[in-house]
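Engineer: Required output: the full structure, derived from the provided sequences and hints.
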Amino acid sequence: MNPWLEKQRHLIDFTLASLARRKTRNIGLLVAYTLLVFVLASLTLFSNALRSEAKYVLAGSPEVILQRMVAGRHDLIPPGYLEQIGRIRGVQKKEGRLWGYYYDPVLNANYTFMARPASEVADGMIMVGEALARERGLAKNNTISFRSYSGKLFTFEVAAVLSPDSELLSADLVLLSEDDFRRFFEYPEGHYTDIALSVANPQEVRNVAAKLTAALPDSRPILREEVQRTYQSVFDWREGILLTVLAGAILAFAILAWEKAAGLSAEEKREIGILKAIGWETGDVIRMKIWEGLLISLTAFLGGFLAAYVHVFHFGAAVFEPVLKGWSVLYPKFALVPAVDGLQVATLFFFTVFPYTAAILVPIWRAAITDPDAVMR
Amino acid sequence: MIELLDIKKAFNQNRPNEYWALHGIDLAVEAGKVTAFRGPSGSGKTTLLTIVGCLSRPTSGRVRFKGEDISALPERFLTDIRRQSFGFVFQQFNLIKGLSALENVILPAFPTGRPRAELVARAGELFERLQLTHRAQAKVEWLSGGEQQRVAIARALINDPEVIIADEPTANLDTALSMEFMAILEGFTAAGKTVLLTSHDPLVVESSAVHRVVGMRDGRLIGD
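These protein sequences, in sequence, are chains A and B. Residue numbers are given in my numbering: position 152 of the first sequence equals residue 256, and the series is strictly consecutive. Residue numbers are given in my numbering: position 132 of the second sequence equals residue 652, and the series is strictly consecutive.
There may be inaccurate statements among the hints.
Residues from chain A shown here face chain B by an in silico Cβ test under 8 Å; the list is partial [claimed, not checked]:
1. 107
2. 108
3. 110
4. 111
5. 115
6. 118
7. 382
8. 384
9. 476
Source of the hints: derived by calculation from the structure; they are not laboratory data. Owing to the predicted nature of the structure, the values given are computational and were not obtained by experimental measurement. Note that the Cβ used here is the ideal one computed from N, Cα and C, for glycine as well.
Structural biologist: The structure is reproduced here in C-alpha cells:
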C-alpha cells in the first residue's frame with residue numbers, strides 16, 4: 105500500500121484506540137451529537153417532504169381559480185361569467201366548480217362536498233374519502249344519510265371509497281352529482297362556487313389574471329403559485345417555531361461540544377508531547393486530531409441522518425407530526441414520499457460537522473507546536 | 521559522530537525569569553560508545569540531551585550530526601532526523617496509558633507509513649530480545665516498572681536508530697532491574713549503537729558498559 109495511505113491508516117487506528125480509551129466521555133458526546141443531528145435532520149426532512157408533497161399535489165390543480173367577491177367576501181359566480189372568460193386568449197380550459205362545506209354533528213367534523221359530472225358520479229350515489237369512510241365505517245354499497253342545512257334528509261349510496269393514494273387531498277371529500285349537489289345545498293341553477301382555468305403557457309398566467317381582473321372587476325383570480333407559496337410559508341413558519349423551541353438544546357450541545365473539542369486535558373497534552381518526542385510531526389498530531397473530530401462528527405451525522413430518514417419516512421415523523429402536519433378531526437393518513445434536498449443536507453452537514461472539527465483544531469495546534477522537550481522535564 | 525560547539529541554552533530569554541541552563545558546551549561524542557553525563561540536579565544534563573536529540577534547539581552554538589549542522593534546520597527536518605536517528609528512553613518512561621505494550625512500541629513508526637505487519641514483526645523481534653513477548657498485548661499500566669522500561673526501550677529501537685538517548689534510565693528501578701538495564705546497554709554497543717545517557721547512579725556511571733563519563737555542573741562541563 106502507498107506509504108501515505110498506510111500512514112493515514114495508522115493515524116486512524118491510533119485515533120480509534122484513543123477514542124476507545126475515553127469510552128464513556130466519547131460515547132456520551134456521540135449520543136448527544138447524534139441526537140442533535142437526528143432532531144435537526146428529522147425537522148429538515150419532514151418539512152421538505154411536506155413541501156414536496158404540497159407541490160406535487162398542487163401540480164395537478166388548475167393554474168388559476170377565479171372567485172367572485174361581494175363586499176370583500178367570497179360569493180357565488182353568477183350565470184354568464186363563464187362565457188365572458190371564454191374570450192380571453194391563453195385560457196385553454198375553463199370549468200365552473202361546485203363545492204361547499206358540510207358539518208357532520210356525528211363526527212363533529214366538516215366534510216368537503218364537491219360536484220362531479222354525472223358521467224363520473226350518478227344521481228343518488230357518492231364517492232367518499234378514505235378518512236371519512238374510516239371514521240363513519242363506510243364501505244362500497246353502504247348507504248348514508250345527511251341532513252341538509254334546510255333540514256331535509258338525503259340518503260346516498262356509496263359508489264366507491266376514494267383511493268388512499270389521494271388521501272392528503274381527499275380525506276374529508278364527498279363527491280356527488282351536480283344535480284344532487286344543487287338539491288342538497290339548494291344551490292341556484294347556473295351559479296357556481298368558483299371557476300377553474302387552465303392556462304397552457306406558464307408565462308401567460310399573470311397576463312391572464314390581469315385580463316380576468318379587467319374583464320370581471322368584481323372577481324379575484326388566485327394563482328397556483330400563490331397557493332404554493334402560502335403552503336411554503338406555513339411549513340417554514342412551523343419549522344421556525346420548532347427550531348426556536350429547540351434552540352436551547354442546540355445551544356446546550358454547542359457548549360458541550362466546544363468544551364470537549366476546545367479543552368484539552370493535561371493527559372492529552374502530555375500525550376501530544378510524547379508523540380512529538382518520539383518522532384511525530386506537528387502535522388501528524390493535527391491530522392490525527394482531525395481524524396478524531398471527523399470520525400465523531402461523521403458518525404454522528406450519518407447515524408443521526410439515517411435515524412431521521414427512518415423516523416420521517418418509515419414512522420411518519422411521530423415526534424414532530426402534531427406540530428408540523430397540523431390538526432384535523434378527519435386526519436389524512438398518508439405516507440410521505442422520500443424527498444431529500446441536497447442543499448439542505450449540505451447545509452446540515454456544514455453546520456454540524458464543520459464547527460466541531462474546527463473547534464478541535466485551535467487547541468490542538470497550540471498544543472502541537474510546543475517544543476517536544478517538555479516530556480523530558 | 522556528534523559535535524557540540526559552544527552550545528548555550530536559555531529559558532524565558534529576555535524575561536525577568538530568564539535562566540541560562542547551558543553556558544557554552546564544547547563536546548565530541550564518539551560513535552558506537554556509551555557516554556554518560558553525570559552531575560547534580562539542575563546541572564544541565566537533560567537540557568543537553570534534548571538539544572543533542574533534536575527535541576529542542578540551542579539558543580546559540582552549533583550541533584553537528586555526522587558532519588552536518590542540524591542546529592538551524594526547520595522543525596520538519598529535525599523531526600525526521602529525530603525519528604530516524606534517535607531513540608529515546610525517558611526517565612518516567614512516558615508510555616501512553618490505555619494502549620498495549622505492542623501499540624506503544626510501534627507508535628514512533630506510524631509517521632513512516634511502513635505497513636503494520638512489518639511493524640508488528642519488528643516489535644515481535646524486540647520483545648523477544650527483551651524477554652517481553654508474553655506481555656505484548658498487556659496494557660502498559662498493568663506492567664511492572666522493569667517491564668515498562670523494557671517497553672520504552674523497545675519503542676526507542678523500533679525505527680532502528682543509530683543513537684539511543686536515555687535520561688536517568690535507572691532512577692525508577694531497583695538494583696536488580698538496574699543491572700538488567702546495564703546488560704541491555706551492553707547489547708546496544710555490541711550492535712554498534714551510540715548511547716548517550718544521564719545518571720548520577722554509581723551503578724551506571726561506574727559500570728564497565730559505560731565508555732566515557734562527562735561531568736556537569738551549573739551548565740558547564742567539568743571534565744571527563
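Engineer: State for each hint whether it applies.
Structural biologist: Do the hints match the structure? See the list:
1. Because the closest C-beta pair between residue 107 of chain A and chain B is about 3 Å apart, less than 8 Å, the hint holds.
2. Because the smallest distance between the Cβ of residue 108 of chain A and any Cβ of chain B comes to about 6 Å, under 8 Å, the interface hint for this residue holds.
3. The restraint placing residue 110 of chain A at the interface with chain B holds, with a minimum CB-CB distance near 4 Å, inside the 8 Å limit.
4. Taking 8 Å as the C-beta cut-off, the interface hint given for residue 111 of chain A holds, the closest approach to chain B being about 4 Å.
5. Interface hint status for residue 115 of chain A: upheld, as the beta-carbon distance to the closest one in chain B is roughly 7 Å, under 8 Å.
6. Restraint check, residue 118 of chain A versus chain B: the minimum CB separation of about 6 Å is within 8 Å; hint holds.
7. Annotation: interface hint on residue 382 of chain A holds; nearest CB of chain B at approximately 4 Å, less than 8 Å.
8. For residue 384 of chain A, the interface hint holds, since its Cβ comes within 8 Å of a Cβ in chain B; the closest pair sits about 6 Å apart.
9. Taking 8 Å as the C-beta contact cut-off toward chain B, the hint placing residue 476 of chain A at the interface holds, the least distance being around 5 Å.
Every hint from the earlier list agrees with this structure, and none is contradicted.
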